[in-house]
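Visitor: Single-letter residue listing:
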Amino acid sequence: MENDTIAAISTAVADSGISIIRISGEQATFVIDRIYRPRDGKKKISGQPSHTIHYGFIQDGDEVIDEVLVSLMRAPRSYTAEDVVEIHCHGGIYATRRVLDAVIKNGARPAEPGEFTKRAFLNGRIDLSRAEAVIDIINAKNEFALKSSVNQLKGAVHEKIKMLRETILGQLAFIEASLDDPEHISLDGYSDSLKKETEQLTDQIRRMIDSADDGRILKEGIQTVILGKPNVGKSSLLNALLREERAIVTEIAGTTRDVLEETLSMNGIMLNLIDTAGIRNTEDIVEKIGVEKAKEKAEQADLVIYVVDSSTELDENDREIMRVLSSKKVIVLLNKSDLSQVTTNEMVREFIGDSSPVLTVSAKENTGLDALEKQIREMFYSGEISFNDEVYITNARQKAALTEAKNSLEKVLASIENHMPEDFYSIDLMDAYASLGRIIGESVGEDLINEIFANFCMGK
Amino acid sequence: MSKIEEFVDVVVVGAGHAGCEAALACARLGMKTVMFTVSVDSIALMPCNPNIGGSSKGHLVREVDALGGEMGKNIDKTFIQSKMLNKSKGPAVHSLRAQADKSDYSRSMRLVLERTENLQIKQMEVAELIIEDKILKAVRTISGAVYHCKAAILCTGTYLKARCIYGDVSMYTGPNGLQAANHLTDSLVENGVKMYRFKTGTPARIAKKSIDFSKMEEQKGDETIVPFSFTTDPASVQKEQVSCWLTYTNEKTHEIIRENLDRSPLFSGMIEGTGPRYCPSIEDKVVRFSDKSRHQVFIEPEGIHTDEMYIDGMSSSLPEDVQIRMYRSVPGLENAQIVRNAYAIEYDCIDARQLKPSLEFKEISGLFSAGQFNGSSGYEEAAAQGLIAGINAAGKIKGRAPLILDRSEAYIGVLIDDLVTKENLEPYRMMTSRAEYRLLLRQDNADLRLTKKGYEIGLIDDYRYQKLLRKEKEIEQEIARVKKTYIGTREEIQRFLEAHGSIGLKSSATLAELIRRPELTYNDLAGIDPQRPALSKEVTDQVNILIKYDGYLERQMKQVEQFRKLERKNIPEEIDYDEVPSLRIEARQKLKQYRPSSIGQASRIAGVSPADISVLLVYLEKERQRKKHE
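First to last, the sequence lines map onto chains A and B.
Throughout, our numbering is defined as the position within the first sequence, counted from one, plus 143.
Throughout, our numbering is defined as the position within the second sequence, counted from one, plus 4.
Be careful, since some hints might not be right.
What the hints assert, rightly or not - Calculated lysine to aspartate or glutamate pairs in the EDC-like style (CA-CA distance at most 16 Å, straight line):
| hint | chain 1 | residue 1 | chain 2 | residue 2 |
| --- | --- | --- | --- | --- |
| 1 | B | Lys-569 | A | Asp-324 |
| 2 | B | Lys-91 | A | Asp-176 |
| 3 | B | Lys-91 | A | Asp-324 |
| 4 | A | Lys-187 | A | Asp-176 |
No wet-lab data here; the hints were simulated from the structure.
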């Protein structure tokens, strides 16, 4: 771990024309040689002198991904005191991500938060007086990454990974229980069932890897939370925006218990829309969890769309919502303009102030939604709202972990194919379990031992 | 009033499996050693199951033997049945288990102790530790005698404040009705040691003549017996064996248990200790696995000098009358006469996170501990710790660095690291799944892993060491030979492969490449390997394993390299965690409380995240640079 080769996008992704991917470690020049084609033909980066810049292309197989400048700084005269290669990409966010993918596919691993700085320090490149700052950077980035990498994961993906892990753990526990207690638990015929199970697992993970690039794994773009009291039409609004019936819409207050998430591309701006349960004071436990979740979501959001039913009066609960929104970028929607208006623009302004836009819409009749889209576009292009670009490195990390899990499971299949004894299966099953755990921020710990004891009757 | 006052090097408290290994190691390393026991007749007693070894426990016995311990030799002398478990699985999980003649085992070990120089056995309860300025100075016996010593090893097993319970019967005795040790706990608590209360249990013993074996399946031993000790000549242990028997509980049994659960001291709250999940009582099994209609019951002889039979699978603390009905509901036990009732036993032990990996107390210099006292369970786990504690107590007196085996070197390393690092809320049992590098920690290579260390310490003699070096060399040479021996594609080769169910060769291959084929082994290839030297089975077994599984072994060795990097980064004992900036609160608390000895150990403490480890690494580097500047 200490000396392996790491990579990350080291510039902010969103707001610059050029982005830089940094690779550091013993294999850095080896990695770049595998994907870089110099314009003038033959010269490999590994054969170049230190502190030089080269013009060429990054390729994935035969396909050119981007036109780049590559700079080389050899150890120890680099930021980390290791061999460092930096790729200056010009092709925008999508190309940058693909370059990073190629780098990782060819031998680098996604850097941990603050890892370049940590290496710089441990290799003596940063002087003593800055040591504590280094610790803070590592810590801050870790805290952030820990929060964000799990938060950025879509709820459904989180659930899916948990499920995959449970399946693997169940298989592991069975093998291990039988190894520990062979006279009580038999493995006869087990490899056939494990093979089937492992093939399915591998297949599911492969599909997740494929979908990682379409933003189906992580919540990319502007985190947008739709908030409002029960029954003001949040789900109808989400449906209107998505133009399909996804969320459950009924007349009973509080039916959207789970948080629904959808990604929407609005003229090139990615919105990750989150529909939450209504906020109100309630004794209903299930509903309460929804409310807690909604508040939490609002805290993490880049933009809040606050929906009011204009056909009813504002009440006590609205103040609670205002508190949550006070420090947020917010657009207020006066919904149900198809009904007679009770709550007006001015009444809302009393709470929300003058700076936030207030729009009149009818989700049911599909009116006013163009104005909403226009408003969001304006806020984005004026820089009023922006989004977290860490998502790209997180994505690379998640993808690398998924790929590792897939590779481990393929090794299990190879072991079964080669008629290896059953105890060999568990080595790779455990690796797969650990890799998937990294995605959702869970370690292995005593999981296996606990699972064995929970499900198998062992011992005298 | 004059009291006895004696001066020795090491005091060992307890004469169970931990105490025996500890005392022998110390005495053999030249320490003047005294071993206390509440009863000389209970030396190396097996108060529960009548066997040694089993999955992963067999590994421990092999490792104890490879380091120069006694358990392997003693069971080789006294076993009455032997089996290699998991033979159809990979070599890493092959595990030896032998049924012992309990009384022979105990007597034989006692004789070894009695005949060891420097070792004195004393029947006496130790009541108090005399500790000054956090340094152990002496122990005081219940009779008032004071034994001044340079180190003491506590191996009190299940005897501390022991209480045996079944139904509403509760007796303040140790196992088997032996006298409990009721004073030492107070002395430990006075010195700031944190105690736990654990519980375990044992099934009834039933008279052989009352059992109908025709209703049971016979369980025989292996045809070819493999000894535990690397020093035992395999030919010397091929003998007639005694059988065990298999029967099952049924719905009737379970019904009797369920109807009487309210009379179980476990469920009534009379037992407060924490029991192990891996060896649940029969009432536990019936409650927790209510969907199972039957559980296995093994009937095992307690020895050849007795007709008592051990009822493996049915430990219990139910009242006597329920026990009788419950056992008699099992086929073959209809007329069972119970000789000894099943019972649960509660005892005091410590939170082993108070120990260094050397098994010395962090806060009390010179005080070591081993075995069930440390929260483990099992004879083998106890012996392994006893040996390490003994080696390290003697080493401390001699001024030598402690023997600390890491998780990649031995099951013993895994065992001790788990005990001193992780929170154990129940008696700890060794399991093969706990060893992350188990492909390397095989029972067949314990000598290759550990005997050199045993020699350096002084517990392995020169003869055995030279033998090991020869073995190493033979393995190395033979591996090199089969890797470069090409066998060609002659007709005769093709026919040979076909006959062994293997596909023919298009181009020539090495012997090694053929050994890697799942259907072939090193031994199979003798017919097409005319240059093969005459080698012992020990050597050819290693050659076969090391070549056949080399891909897996190499992968695991790479992981071990990574692991050792962190393991070798020591944390200075004087580190002040309050001075380390940015540690998360939980991590800071845990680190302060348990004071890990290396970064590797720190990373295994629950509540210490990878980010905390990064922070710690940067801090240690900063301190190192600062000291260099000064």
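Visitor: Does each hint fit the structure? Answer for all of them.
Guide: Consistency of the hints with the structure:
1. B:Lys-569 x A:Asp-324: violated (34 Å)
2. B:Lys-91 x A:Asp-176: violated (48 Å)
3. B:Lys-91 x A:Asp-324: holds (13 Å)
4. A:Lys-187 x A:Asp-176: Given pair Lys-187 (chain A), Asp-176 (chain A) holds - Cα atoms ~6 Å apart, limit 16 Å.
The structure fails hints 1, 2 (numbered hints given earlier, in ascending order).
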